[in-house]
Amino acid sequence: MTRNLLCFGLGYSARVLARRLRDDGWRVTGTARSAERCDSLARENFAMHLFDGTTWPVALQAALEHADTVLISAPPDEDGDPVLRVGVDAFLASARALRWLGYLSSTGVYGDRHGEWVDETTVPDPSNPRSARRLAAEIAWQVLAARTGAPLHIFRIAGIYGPGRNPLEALRAGRARRFDKPGQIFSRIHVDDLAHVLAASIAKPSPGAIYNVCDDEPAAQADVIAYGAELLGLPPPPLEPYAAAEPSLSEMARSFYRESKRVRNDRMKRELDITLAYPTYREGLRALK
2 MTRNLLCFGL GYSARVLARR LRDDGWRVTG TARSAERCDS LARENFAMHL
52 FDGTTWPVAL QAALEHADTV LISAPPDEDG DPVLRVGVDA FLASARALRW
102 LGYLSSTGVY GDRHGEWVDE TTVPDPSNPR SARRLAAEIA WQVLAARTGA
152 PLHIFRIAGI YGPGRNPLEA LRAGRARRFD KPGQIFSRIH VDDLAHVLAA
202 SIAKPSPGAI YNVCDDEPAA QADVIAYGAE LLGLPPPPLE PYAAAEPSLS
252 EMARSFYRES KRVRNDRMKR ELDITLAYPT YREGLRALK
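Quick note, the working numbering runs 1 ahead of the 1-based positions in the sequence shown.
Mixed in with the good hints, there may be bad ones.
Using C-beta positions, here's what the derived DEER-type ranges look like [to be verified]:
#, residue 1, residue 2, range
1, D90, D217, 36 to 46 Å
2, E170, R20, 12 to 22 Å
3, P280, R255, 28 to 38 Å
4, S35, M253, 16 to 26 Å
5, L85, K270, 24 to 34 Å
6, D78, Q143, 29 to 39 Å
7, S207, V124, 35 to 45 Å
8, K290, V144, 40 to 50 Å
9, E170, T55, 30 to 40 Å
10, V144, S207, 12 to 22 Å
11, R255, G116, 14 to 24 Å
12, A98, E231, 47 to 57 Å
Treat the hints as calculated values from the structure; they're not laboratory data.
These numbers were taken from a predicted model, which means no experiment stands behind them.
Don't be surprised by glycine CBs; every beta carbon is placed ideally from N, CA and C.
Make the full structure from the sequences, and use the hints.
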């Protein structure tokens, strides 16, 4: 019997999982916010639907009826989670074959912990609006699951990197910068390891579970960029005092550097029997060189 994945928001991370499942014989249906993006992904043999979070496409009903696995990858906006905002009734009426429902969140929900460790028992305390929206979306999906019995799984994901999206690209383009901000540290995950975690959860559902998804070694971004430069045989960008550089950064970058935490991944490894292909940024960057 063919398994069916429906992915709301077939973006960078979800696409890696989708390709993996498709190669294993799954049928994959996805959504994108633009017709151009839908056309591009359709050329990869994904069944695509336009979904911009403002109206519920009638064509999604049939896809939902056949989907035993649903991944929510579309991020929330100022008005909340786009699927719940415009399609919750249709979602509940149609998702009759559902075995696994996954929501992709962020470790940003923990907020700034001044370099301390967090795990899934840590009470979230987001420190910027983007992360607050993530937590609100988590809660909304949890409320829905409690009311309906939907088999919800939440994944709080650290900084994602991989092909086409990593410090080596910035170094080659001459755009990489290193900031001197003592104590600032964060966790990350290679996109292939993220896909592995999601596939393992799909194979071993545990409704209600929350998993941190990250590698084994939190590190300062300045150290990661320096290691990438070493791999490429380039001089590392000079360390810039963060306070002087901050006004030139985007608001997203500033919010990133305002937080510092180390994220534990013990539950992910234990419950899903995960062995990371890239346990630190070093293995990940070497594979991307």
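Hint check results:
no. : hint                     : in the structure
1   : D90 to D217: 36 to 46 Å  : holds (42 Å)
2   : E170 to R20: 12 to 22 Å  : holds (20 Å)
3   : P280 to R255: 28 to 38 Å : holds (30 Å)
4   : S35 to M253: 16 to 26 Å  : holds (21 Å)
5   : L85 to K270: 24 to 34 Å  : holds (31 Å)
6   : D78 to Q143: 29 to 39 Å  : violated (19 Å)
7   : S207 to V124: 35 to 45 Å : violated (21 Å)
8   : K290 to V144: 40 to 50 Å : holds (45 Å)
9   : E170 to T55: 30 to 40 Å  : holds (33 Å)
10  : V144 to S207: 12 to 22 Å : holds (19 Å)
11  : R255 to G116: 14 to 24 Å : holds (18 Å)
12  : A98 to E231: 47 to 57 Å  : holds (50 Å)
Hint violations for this structure: numbers 6 and 7, all remaining hints satisfied.
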